[in-house]
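A.B. asks: Residues per chain are reported as follows:
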Amino acid sequence: MSGFTIASIPREELLAPGHRMCQGCGAAIVMRHLLKALGKDVIIAHATGCVEVTTSLYPETAWRVPWIHVAFENAAAVASGIEAAVKALKKKGEISPEKKIKVVAIGGDGGTVDIGLQALSGMLERGHNILYILYDNEAYMNTGIQRSGATPLYAWTTTTPAGKVWRGEWRRKKDIVGIVKAHGVPYTATVNFAYISDFYTKLKKASEIDGPTFIHAYAPCVPGWRYEPHLTVKIAKLAVQTGIWVNYEIDGDSFRVTTPVSKRLPVEEYLRAQGRFAHLTGEEVEMIQKMVDEDVDYINKLAGSVVIGPVERK
Amino acid sequence: MSKVIPLSGNYAVAYAVKAADVDVVAAYPITPQTAVVEKVAEFVANGELDAEFLHVESEHSALSAVLGASAAGARVFTATSAQGLLLMYEIMHIASTARLPIVMGIATRAISAPINIWCDHSDFMAASDTGWIMLMALNAQEAHDLIIAAYRIAEDPRVHIPVAVGYDGFIVSHTVEPVDVVEREKAIKYAPKRVTWYTLNPEKPMTMGSLASPDWYFEFRVQLQNAIESSREVISEAFTDFKHYFGREYREIDSFYTDDADVVLVSMGSATGTVLAFVEEARRAGMKVGLLNVRLFRPFPEVEIAKHLENAKVVAVLDRAMNAGSSFVGPLYSDIVVTMFKRGLDIPVINHITGLGGRAVLKSYVESIVKHAYSLVGKKMRDIERHYSFIGVRE
Chain S
1 MSGFTIASIP REELLAPGHR MCQGCGAAIV MRHLLKALGK DVIIAHATGC
51 VEVTTSLYPE TAWRVPWIHV AFENAAAVAS GIEAAVKALK KKGEISPEKK
101 IKVVAIGGDG GTVDIGLQAL SGMLERGHNI LYILYDNEAY MNTGIQRSGA
151 TPLYAWTTTT PAGKVWRGEW RRKKDIVGIV KAHGVPYTAT VNFAYISDFY
201 TKLKKASEID GPTFIHAYAP CVPGWRYEPH LTVKIAKLAV QTGIWVNYEI
251 DGDSFRVTTP VSKRLPVEEY LRAQGRFAHL TGEEVEMIQK MVDEDVDYIN
301 KLAGSVVIGP VERK
Chain R
315 MSKVIPLSGN YAVAYAVKAA DVDVVAAYPI TPQTAVVEKV AEFVANGELD
365 AEFLHVESEH SALSAVLGAS AAGARVFTAT SAQGLLLMYE IMHIASTARL
415 PIVMGIATRA ISAPINIWCD HSDFMAASDT GWIMLMALNA QEAHDLIIAA
465 YRIAEDPRVH IPVAVGYDGF IVSHTVEPVD VVEREKAIKY APKRVTWYTL
515 NPEKPMTMGS LASPDWYFEF RVQLQNAIES SREVISEAFT DFKHYFGREY
565 REIDSFYTDD ADVVLVSMGS ATGTVLAFVE EARRAGMKVG LLNVRLFRPF
615 PEVEIAKHLE NAKVVAVLDR AMNAGSSFVG PLYSDIVVTM FKRGLDIPVI
665 NHITGLGGRA VLKSYVESIV KHAYSLVGKK MRDIERHYSF IGVRE
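Chains S and R, in that order, are what the protein sequence lines are.
Per my numbering, the first sequence starts with residue 1, numbered consecutively.
Per my numbering, the second sequence starts with residue 315, numbered consecutively.
Just chain S, with the same shape it has in the complex (with noise of 0.2 Å):
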């Protein structure tokens, strides 16, 4: 973990505290976090979002960076114009040659993998030299938890609600970060922030790369996901320790798992945390259950060994 220890977490605090966003909100411990992570030489390019409007509301801002929303589809192509910008007053001696400026956009998942992904592509084939990171709290929660292509199966949603012929999303979550790597970008990860060391790691090495990188942070969601807000963390935990998120790196072409995790738990302690997957039969459990087995089998055979193990029952 090239040395990251706690003490090692920066006590400033770049996002400003007062800001509205939720009590145990997922996106505002990555928001805080990854100022931290990446200090502040930054400017950000924003998408629509739930973060956006909580932490913007005129004449306050939560943001001690440079920071600029423009609409919901766009931040990677706002965030491509700001990079050649500054790289081209650099060029012309208008911002010094040596100031060090890193460009990073962020989106939730609506504004990343549905409505931002045209956007999104644009900026990693160019190859701008941007972070992009995608807080994923798998639906349109600004607008009040509509299904978005991030929603993952059977998770209930006010549009994907929990009926007599609908069981909750049928479809399955897309691989945004399959469709980002495709691109043949220098760096893509995932982090969650229940495992801080690793969340600080990557943010820092994507954003040392020159070149467009992508950070996928799992991002909880008290009111949509439906649990307490003190659960917060415990919950991202458990998603590591299912198998139904896995903290890993493409670095280049190598594809390593950075939590490796020996015996998972039953994705079921997972599910039952979260109001959203309360209408769930056994068989349905059964199934998420065979999906992640799947999935981790293929991430198994890409790490060339088993860094996630097989489910222990208690």
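In short, the hints are calculated from the structure, not lab data.
Don't take each hint at face value.
[Claimed, not checked] Taking lysine-lysine and the DSS-like style, the derived pairs with C-alpha atoms no more than 30 Å apart in a straight line are: (1) S:K92 with R:K503; (2) R:K656 with S:K92; (3) R:K503 with S:K99; (4) S:K204 with S:K164; (5) S:K90 with R:K656; (6) R:K507 with S:K40; (7) S:K99 with R:K656; (8) R:K602 with S:K40; (9) S:K36 with R:K518; (10) R:K500 with S:K90; (11) S:K90 with R:K677; (12) R:K518 with S:K99; (13) R:K656 with S:K91; (14) R:K518 with S:K100; (15) R:K602 with S:K91; (16) S:K91 with R:K500; (17) R:K602 with R:K656.
[Said to hold, decoys possible] Coverage of chain S stretches by chain R, computed from C-beta distances (three or more under 8 Å per stretch; other residues unrestricted): (18) 121-135; (19) 174-182.
Cβ coordinates follow ideal geometry from the N, Cα and C atoms, glycine included.
Based on these hints, arrange chain R on the given structure of chain S.
C.D. replies: Just chain R now, kept in the frame of chain S:
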């Protein structure tokens, strides 16, 4: 020394971008705009223009990217037409209230459906409610000059509003004309590169694009209206100075024979040339016909326009776009009617929709428009049964 070379409207715009020493260009190909960005790409490829050229994946991203670049302090340019402009539409509103001095060229083209790549003003007019300053060039020289003037206007600290320069698709964009090309040194003297607006800078962090509640949203919108109103003075100064620097004179409107005209025609874009040709013939034949060409569409120069309509007996407005189902049909017509009503000028104002989807606007159409106008002399607006007609269309 100035240099006169043969250039299409699109190339003339590209030469203006080069002269203005633009820092960041982002654009997506669409007919008839494509050649302007091809030429800009060539300038960058040859080292004649030191700019970052972004090959974006859509017009939506083109405007988003130049918005971001402008927010970071760069001088920026983009260009588009028709569907591309409609894809930008969302971001056009954001760009104006973000108060960023973006400059855009619009090679005007019909909007789908049916798909049609030829000239009319449907795209330009669709953008008329976005809070941008909008100019319409008559020819390649004007397209060149107005782009340079656009930087001066947009970046003025009293303005900080994006500027769009329209020029008719194909008719101007693809017609080669002699163009007196402005040199960079002179262009920069006229429109100096000074970052007068707020920028994204880690040394001085600021938040742009905030959420504004009912407590604040309204004020942002009012500030835009106030700024676009005060841009009138800046635009006028920019035109005066343009003449001083480059010898060519532009005004918000052009007027021809309006002083004693019974019938005043109002036109915009390349059709003005055809209309003027007829007006000159009519004058020779003793008909008291006048013409107004609208160069500045937003903010609408109603004071200047009204002066030329005060003594008219009938006004006929040519529109190259239509707003189906509205009370006015032609968008230019609606501005003219309001301008006149506000001043109590109760004479017939007739709208003629013509030249949609690239259909030619013929001199004979103008003749029939004038003939019709004469038949209404002495009437009041309320005497008119049908205020609009389509000219040059199958009935």
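A.B. asks: Could you run down the list of hints and mark each one as holding or not?
C.D. replies: Okay, the hints, checked on the actual structure:
As the CA atoms of S:K92 and R:K503 are separated by approximately 17 Å, the hinted pair is consistent with the 30 Å bound. The hinted pair formed by R:K656 and S:K92 fails the criterion: a straight-line CA distance of about 50 Å is larger than 30 Å. For the hint linking R:K503 to S:K99, the alpha-carbon distance of about 29 Å falls within 30 Å, and the restraint holds. Between S:K204 and S:K164 the alpha-carbon distance is near 48 Å, which puts this suggested pair outside the 30 Å criterion.
Distance check on the hinted pair: S:K90 and R:K656 sit about 51 Å apart at the alpha-carbon level, beyond 30 Å; violated. As the CA atoms of R:K507 and S:K40 are separated by approximately 28 Å, the hinted pair is consistent with the 30 Å bound. In summary, the hint linking S:K99 to R:K656 is not supported, as the alpha carbons are separated by about 56 Å, beyond the 30 Å threshold. The straight-line distance between the Cα atoms of R:K602 and S:K40 is roughly 69 Å, outside the 30 Å bound, and the hint therefore fails.
Between S:K36 and R:K518, the direct Cα distance comes to roughly 18 Å. Compliance with the 30 Å bound is thereby established for this hinted pair. In summary, the hint linking R:K500 to S:K90 is supported, as the alpha carbons are separated by about 24 Å, within the 30 Å threshold. For the given pair, S:K90 sits about 54 Å from R:K677 by alpha-carbon distance, which is inconsistent with the 30 Å threshold. As the CA atoms of R:K518 and S:K99 are separated by approximately 14 Å, the hinted pair is consistent with the 30 Å bound.
The straight-line distance between the Cα atoms of R:K656 and S:K91 is roughly 52 Å, outside the 30 Å bound, and the hint therefore fails. The suggested pairing of R:K518 with S:K100 holds, with an alpha-carbon distance near 15 Å, which does not exceed 30 Å. At roughly 59 Å between alpha-carbon atoms, R:K602 and S:K91 are farther apart than 30 Å, so this suggested pair is violated. At most 30 Å may separate the alpha-carbon atoms for a hinted pair to count; S:K91 and R:K500 meet this at roughly 22 Å.
With a C-alpha separation of about 25 Å, the suggested pairing of R:K602 with R:K656 holds against the 30 Å cut-off. For the region 121-135 of chain S, the stated coverage by chain R is satisfied: 4 residues place a CB nearer than 8 Å to a CB of that chain, which reaches the threshold of 3. Here the region 174-182 of chain S counts 0 residues with a CB under 8 Å from a CB of chain R, which misses the bar of 3, and the coverage is violated.
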